[in-house]
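Start from chain R and add chain B according to the hints.
So the protein lines, in turn, are chains R and B.
Residue numbers 1 to 304, in our numbering, belong to the letters of the first sequence in order.
Residue numbers 1 to 304, in our numbering, belong to the letters of the second sequence in order.
Worth double-checking, as some hints may not be accurate.
Identical chains share a label here; the pair holds if one copy fits it or two copies do between them.
To be verified - Result set (DSSO-like, lysine-lysine): computed pairs, CA atoms no more than 30 Å apart in a straight line:
#1 LYS162 <-> LYS112
#2 LYS112 <-> LYS245
#3 LYS256 <-> LYS293
#4 LYS301 <-> LYS112
#5 LYS154 <-> LYS112
#6 LYS293 <-> LYS154
Calculated directly from the structure, the hints in this document are not laboratory data.
Predicted model, so just to flag it, every value in this text is computed and none were measured.
Number of protein chains: 2
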Amino acid sequence: MTNQQSLSVGVVGLGAMGLGVARSLLRAGFTVHACDVRPEVLAMISAERAHPHESAAALAPHVDALIVLVVNADQTEQVLFGPDGAAQHMKPGSVVIASSTVPPHYAEDLGKRLAAMGLRHLDAPVSGGAARAATGEMTIMASGSPDTFAHVEKVLEAISAKVYRLGDHSGMGSKVKMINQLLAGVHIAAATEAMALGIRAGIDPETLYEVISNSAGSSWMFQNRVPHILSGDYTPLSAVNIFVKDLGIVLDSARKFTFPLPLTSAAHQMYLATSASGLGAEDDSSVIKMFQKLTGIELPKKDA
Amino acid sequence: MTNQQSLSVGVVGLGAMGLGVARSLLRAGFTVHACDVRPEVLAMISAERAHPHESAAALAPHVDALIVLVVNADQTEQVLFGPDGAAQHMKPGSVVIASSTVPPHYAEDLGKRLAAMGLRHLDAPVSGGAARAATGEMTIMASGSPDTFAHVEKVLEAISAKVYRLGDHSGMGSKVKMINQLLAGVHIAAATEAMALGIRAGIDPETLYEVISNSAGSSWMFQNRVPHILSGDYTPLSAVNIFVKDLGIVLDSARKFTFPLPLTSAAHQMYLATSASGLGAEDDSSVIKMFQKLTGIELPKKDA
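Same shape as in the complex, but just chain R:
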């Protein structure tokens, strides 16, 4: 049993990541307040000693720090500033830890808006997937003032294995996350392109995976996602539509700089094509099915 922590922490958004975060905080001894649009998930986490709330507004006055882990900037906006939003009900000086992947300019602006209300902002996107959220071992790419970091230090410690401190200003955390998503998205699409061509050329996919994993062509994503293809299991750990969104953020942000991104652009089209064919909610490794639909290659089947 860990010691009781002095801070009271809110978690809004109990998806794959948020649920892991809430549980990591409970394990570390924090008082946790939770909110989600799905009553069944809220019931589950309250059975584990979190305090449930019907809205972000109702949760807000109870917490010293509020972790927002929803899908995108629109939902972050609703959680903080919508009709039942948290911001106007939070205690002065409390910290909003905004951890969804959002456009950097939105994160910059959010910092200013919260400061104007007497609140503090940590621009703190996360990486590592649901498994590492569950074990409290996420990577956090964060920017914010030193006093904001100090205030929530133990919270970050409870939910992550590594916190990168990327400067004093809101926006820098989201910029670094954006570059990570650019590479992650391109590498998954490249893994599907490579495996698809390999299969078409008659290479045994298991052998190809083994050789490439140990060669200069490997990537974190190749090693992580190709096993889904080999086992024929497209249960969404992270969905195709997440990269339709995230590479969309990268391309929109780069366009503001008038900055060309040939590979990101081609990869985004591959996710869009996969989503257009009805597979947007499947695992992102399903991009290989775009090749399957076009070329008729035979993909490994799921074991019976």
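Positioned in the frame of chain R, the structure of chain B alone reads:
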């Protein structure tokens, strides 16, 4: 001192890779016969106890196995079947270890042509770069008959840390190497695209490298090539034009299958654009200079 080996081995092509291979064979106790178009390189390796020859034809009768490590299929063709080519002068049953990156259909055909002459073929492209060639720790992606593998087992052992045996037929080694090059080429181009956008967005490049190297956006090539950009040192370890060639092989081979490759195609254009701007002979990480030329971003300078 290792024991004297019974086989006599030829190495044709003493470039960055071939020179390391020749030295690894000498260290392992093989009698080594060498040939290269550059007399100064040939003089250097003969000073290290290799037997120099003026042509592949002159070298051929002396060896039980011939390792061909030249730039491409055209040069491989010249070395084996040109006016001073080796093939017609080799002893019956001796083995051609063809290790250049060549189109898979060329490798398939080569196996048939050598067999018709009473010679054996190992389709054996290599990976690992000059550093691992020098230490005898390359990765070899090989296909060929079991008796061919058996005949040159100790040769492969002397020059590599890992030999993937990819089947009995010529072509399979080159197919797997092709898929590795697809990914390696796309990943280098993606690393430059990501670093360029990060620099434009105001992220410190050293910090960005550290975060990405430890995150889901990482790749073998990101970790290996981005340090060249950070140090501003574009001394060619592997040149831009190598990927102009290798992704060209991938695209040509896929076109034979009528197989679309959106990312490979976009990456190939980036290497072509970089080469077109006069940087073809620089290190392949120079693709970031395409972004520099277009957008005016400031790249890290070489230390004085």
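Results for each hint:
1. LYS162 <-> LYS112: Result: close within a single copy only, 26 Å intra versus 55 Å inter.
2. LYS112 <-> LYS245: within (24 Å within a copy, 50 Å between copies)
3. LYS256 <-> LYS293: Classified as between: cross-chain Cα gap 19 Å, same-chain 35 Å, threshold 30 Å.
4. LYS301 <-> LYS112: neither (51 Å within a copy, 35 Å between copies)
5. LYS154 <-> LYS112: For LYS154 and LYS112, only the intra-copy Cα distance (25 Å) is at most 30 Å; the inter-copy one is 67 Å.
6. LYS293 <-> LYS154: neither (49 Å within a copy, 45 Å between copies)
Comparing the model with each earlier hint shows violations of hints 4, 6; every other hint is respected.
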